[in-house]
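Engineer: Mind docking chain G on chain D? Use the hints.
Protein chains: 2
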Amino acid sequence: MLMALLNADPFAGTLALLALVWLAAKVGGEIALRVKLPAVTGELAAGLALAALHHRFPGVPDLITSPAAEILANLGVIILMFAVGLESTVPQMLKVGLPSLRVAVVGVVVPMAAGLGGSWALLPSGTPFAVHLFIGACLCATSIGISAQVLREQGAGASPEGRIIVGAAVMDDVLGLLVLVGVSGVAVALAGGGGLPWASLAKTLTLALAFLAVALTLGRRTTPFFFRFASRFRSEQLLLPVALAFAFLLAWLGNLAGLAPIVGAYAAGLILEPAHVQFLEAREEHELEALVHPLVVTFAPIFFVLMGAKVDVTALLEPRTLLLAALLALLGILGKFVAGYAAGGNLRSAVIGWGMVPRGEVGLIFVATGSHLLINGAPLLNGHVQASIIGALLLTTIAGPVGLGWVLRRR
Amino acid sequence: MLMALLNADPFAGTLALLALVWLAAKVGGEIALRVKLPAVTGELAAGLALAALHHRFPGVPDLITSPAAEILANLGVIILMFAVGLESTVPQMLKVGLPSLRVAVVGVVVPMAAGLGGSWALLPSGTPFAVHLFIGACLCATSIGISAQVLREQGAGASPEGRIIVGAAVMDDVLGLLVLVGVSGVAVALAGGGGLPWASLAKTLTLALAFLAVALTLGRRTTPFFFRFASRFRSEQLLLPVALAFAFLLAWLGNLAGLAPIVGAYAAGLILEPAHVQFLEAREEHELEALVHPLVVTFAPIFFVLMGAKVDVTALLEPRTLLLAALLALLGILGKFVAGYAAGGNLRSAVIGWGMVPRGEVGLIFVATGSHLLINGAPLLNGHVQASIIGALLLTTIAGPVGLGWVLRRR
Numbered sequence: 109m110l111m112a113l114l115n116a117d118p119f120a121g122t123l124a125l126l127a128l129v130w131l132a133a134k135v136g137g138e139i140a141l142r143v144k145l146p147a148v149t150g151e152l153a154a155g156l157a158l159a160a161l162h163h164r165f166p167g168v169p170d171l172i173t174s175p176a177a178e179i180l181a182n183l184g185v186i187i188l189m190f191a192v193g194l195e196s197t198v199p200q201m202l203k204v205g206l207p208s209l210r211v212a213v214v215g216v217v218v219p220m221a222a223g224l225g226g227s228w229a230l231l232p233s234g235t236p237f238a239v240h241l242f243i244g245a246c247l248c249a250t251s252i253g254i255s256a257q258v259l260r261e262q263g264a265g266a267s268p269e270g271r272i273i274v275g276a277a278v279m280d281d282v283l284g285l286l287v288l289v290g291v292s293g294v295a296v297a298l299a300g301g302g303g304l305p306w307a308s309l310a311k312t313l314t315l316a317l318a319f320l321a322v323a324l325t326l327g328r329r330t331t332p333f334f335f336r337f338a339s340r341f342r343s344e345q346l347l348l349p350v351a352l353a354f355a356f357l358l359a360w361l362g363n364l365a366g367l368a369p370i371v372g373a374y375a376a377g378l379i380l381e382p383a384h385v386q387f388l389e390a391r392e393e394h395e396l397e398a399l400v401h402p403l404v405v406t407f408a409p410i411f412f413v414l415m416g417a418k419v420d421v422t423a424l425l426e427p428r429t430l431l432l433a434a435l436l437a438l439l440g441i442l443g444k445f446v447a448g449y450a451a452g453g454n455l456r457s458a459v460i461g462w463g464m465v466p467r468g469e470v471g472l473i474f475v476a477t478g479s480h481l482l483i484n485g486a487p488l489l490n491g492h493v494q495a496s497i498i499g500a501l502l503l504t505t506i507a508g509p510v511g512l513g514w515v516l517r518r519r
Numbered sequence: 109m110l111m112a113l114l115n116a117d118p119f120a121g122t123l124a125l126l127a128l129v130w131l132a133a134k135v136g137g138e139i140a141l142r143v144k145l146p147a148v149t150g151e152l153a154a155g156l157a158l159a160a161l162h163h164r165f166p167g168v169p170d171l172i173t174s175p176a177a178e179i180l181a182n183l184g185v186i187i188l189m190f191a192v193g194l195e196s197t198v199p200q201m202l203k204v205g206l207p208s209l210r211v212a213v214v215g216v217v218v219p220m221a222a223g224l225g226g227s228w229a230l231l232p233s234g235t236p237f238a239v240h241l242f243i244g245a246c247l248c249a250t251s252i253g254i255s256a257q258v259l260r261e262q263g264a265g266a267s268p269e270g271r272i273i274v275g276a277a278v279m280d281d282v283l284g285l286l287v288l289v290g291v292s293g294v295a296v297a298l299a300g301g302g303g304l305p306w307a308s309l310a311k312t313l314t315l316a317l318a319f320l321a322v323a324l325t326l327g328r329r330t331t332p333f334f335f336r337f338a339s340r341f342r343s344e345q346l347l348l349p350v351a352l353a354f355a356f357l358l359a360w361l362g363n364l365a366g367l368a369p370i371v372g373a374y375a376a377g378l379i380l381e382p383a384h385v386q387f388l389e390a391r392e393e394h395e396l397e398a399l400v401h402p403l404v405v406t407f408a409p410i411f412f413v414l415m416g417a418k419v420d421v422t423a424l425l426e427p428r429t430l431l432l433a434a435l436l437a438l439l440g441i442l443g444k445f446v447a448g449y450a451a452g453g454n455l456r457s458a459v460i461g462w463g464m465v466p467r468g469e470v471g472l473i474f475v476a477t478g479s480h481l482l483i484n485g486a487p488l489l490n491g492h493v494q495a496s497i498i499g500a501l502l503l504t505t506i507a508g509p510v511g512l513g514w515v516l517r518r519r
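Going line by line, the protein sequences match chains D and G. Numbering-wise (our numbering), the first sequence opens with residue 109 and increments by one. Numbering-wise (our numbering), the second sequence opens with residue 109 and increments by one.
Just chain D, with the same shape it has in the complex (with noise of 0.2 Å):
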């Protein structure tokens, strides 16, 4: 008992997991690289293979219940967006603006026109209509983290394309609410016989586009005197305590307003600019951006290793589920490469549309909301729906990249 009481640091177990995390991240990298493939889909398969060797042998630490793993992991994703954001400022943005506009709103009406028809042609004749809505709904979404890392690998985060792949990544998470919002409302509705939620809509759309105009006009005028403040303590070691503590409120306020985390960091990046970090950055002889590229370095990784490992491959194995899956996927890529078109101008499309390919955790979230929904006593999404909807979200998640980096190369 006392032997076991001295052993039992629980944090150990963890330590030896995070190690074996960073080195299946690095060797999935390496061979990913070899094969000439974006590093990150390594990471990614590397997931999937420490999850399958857990199932085998179940003496490798479990990824999936480490609520280390998690709370790293999303710390990862954060820190990654909020370094991405930092690369650019706001006025580049908004001359990405107009083109970005479009790729979002195109990328979210025809991949949930495609998913819809898709879903209407395969589906038995018998099913409700909010099903197809739904489904459709789940292709629109955009998980800009996989992206963003292929972009950064390739040095193209700050081309004008890397832009507005991240314009309107962050645009689709304000449409993929409002699509959520209103699809779960008019299937709500239809089921219940009652009228569509027009004012929980407006509301709810008004609070995210409020939140985003706020902090990128006023935040960015008030961010000076906060950091001026700072600059004023002694302390040292204190830009980049100071500026991650700026990017979490902003993720936390944004999500206060029905944005994902992801997109007030990524925010918080985009405001801050050189000149209101410049006297810490002076004093302590290092730039932001280099203090926080070796947080990404540690943990993003985490974040994709982890992806890889919740992808649930044996229930995905059912012939119907994979018919259904692969075409999903096919037309949630056939829509957002036609979005990549809408961009217009000198533009590499390709680069664009395969930017916008990789659905990853927000389709999650649309799947658990449509399972969560209760019409007539069942869950809007049945089992079968569910693992086609996640297997295509998953086909997509992996195509993206593999496309990007392709793309990316040949120019």
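One or more hints might be untrue.
Identical copies carry no separate label here, and so any pair may be met within one copy or between two of them.
Claimed, not checked - Computed list of lysine to any residue pairs in SDA-like fashion (alpha-carbon distance at most 25 Å, straight line): (1) Lys-418 - Gln-494; (2) Lys-144 - Phe-337; (3) Lys-203 - Asn-454; (4) Lys-203 - Gly-452; (5) Lys-311 - Ala-297; (6) Lys-418 - Gly-121.
These aren't lab readings, by the way, just hints derived from the structure by calculation. Here the structure is a predicted model, which means the values were calculated and not measured.
Structural biologist: Here is chain G on its own, set in the frame of chain D:
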């Protein structure tokens, strides 16, 4: 329901909590600096203040029950000890091996004897001898995290005194393990009439010493091969995750051998020498220490704020608890102060003595062990004694950095 689901990203609350911790740590650190105390005392006080605020206003998030704060705090102290280890090399540590050993042995024997005597004088005469013995044992361990931070703040981390403090603290961890196993064995033996568990005692000590010996000799010789292999990878951003994986694996292995994870992380830092990683450092244009630094800056404050928050002030305010706590703290401080003089040579004994004063979490493990040991059906340490020891540990934890900061500034 739907809005709640959309807004309910459970990680958003964690982000707000972390932002609060960083801002509180920096404000607390700044106040401490202005009254000429080490910044880390201000971070401890910030934790106390946040806990008190939560107690009064439940709207303020609760640090103590947050799994994310706990995980990131543990990560922070592990990375801090790795960074402290990186500042020195094995040959440099061997040079201070003998004085460190003297400081460690005297720093275990004297506080233990003093604590035993103090307990014997103050507690009722019917108290079992095993209780006095255990109270003495609780005073012998050293918690190095706080002193390591103060030494870093004052740029004395690589001074002979700094190395002796850290070296002695590592030896303390091994000695403390021996004392804990021994005292627990004696307590059980005295109660049950059995013999002393010499075999288990010898096995535990051998295992811990063997780990350190193997890590510092064989480990140091194989590390270059490990990093030379990693340097054949084409992936970028390899150095930091691979070095962290190395440190975390050693922390885990050390824990399997019965040592605290921070000891393994420190040993990993000692083993890693610039020559081992120079190829990766050259390719990534960053030194490993510069890459680890932002991680220390980000996560170590979470450890110190959480440590402050965990102090239960109200439980300490009973007079007889306070009296015993104050006496034990005084004996604990004096005992470690005497140990500082055992270093001998041309060294600043007061710096070493104060550096050994903080007890922190190591002492808490002793208290937890003592309160779980049942002697004739009752816990060995009752509530009053437990609260007193925790109070004494707390007082040494606050007095340590204050005293160390004071003597370091006087040179």
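Engineer: For each hint, tell me whether it holds in the structure or not.
Structural biologist: Cross-check of the supplied hints:
When the C-alpha separation of Lys-418 and Gln-494 is checked against a cutoff of 25 Å, the pair qualifies only within one copy, where the shortest distance is 15 Å, while the shortest distance between copies is 44 Å. Taking identical chains as interchangeable, the C-alpha atoms of Lys-144 and Phe-337 lie at most 25 Å apart only when they sit on different chains, with a minimum of 21 Å there against 47 Å within one chain. Only within a single protomer do Lys-203 and Asn-454 lie at most 25 Å apart by alpha-carbon distance; the minimum there is 14 Å, versus 66 Å between protomers. For the identical chains of this complex, Lys-203 and Gly-452 are intra-copy neighbours only, at 14 Å inside a copy versus 69 Å across copies, given an alpha-carbon limit of 25 Å.
Only within a single protomer do Lys-311 and Ala-297 lie at most 25 Å apart by alpha-carbon distance; the minimum there is 18 Å, versus 70 Å between protomers. For a Cα distance limit of 25 Å, the shortest separation of Lys-418 from Gly-121 qualifies both inside one copy, at 20 Å, and across copies, at 23 Å.
The structure agrees with every numbered hint stated previously.
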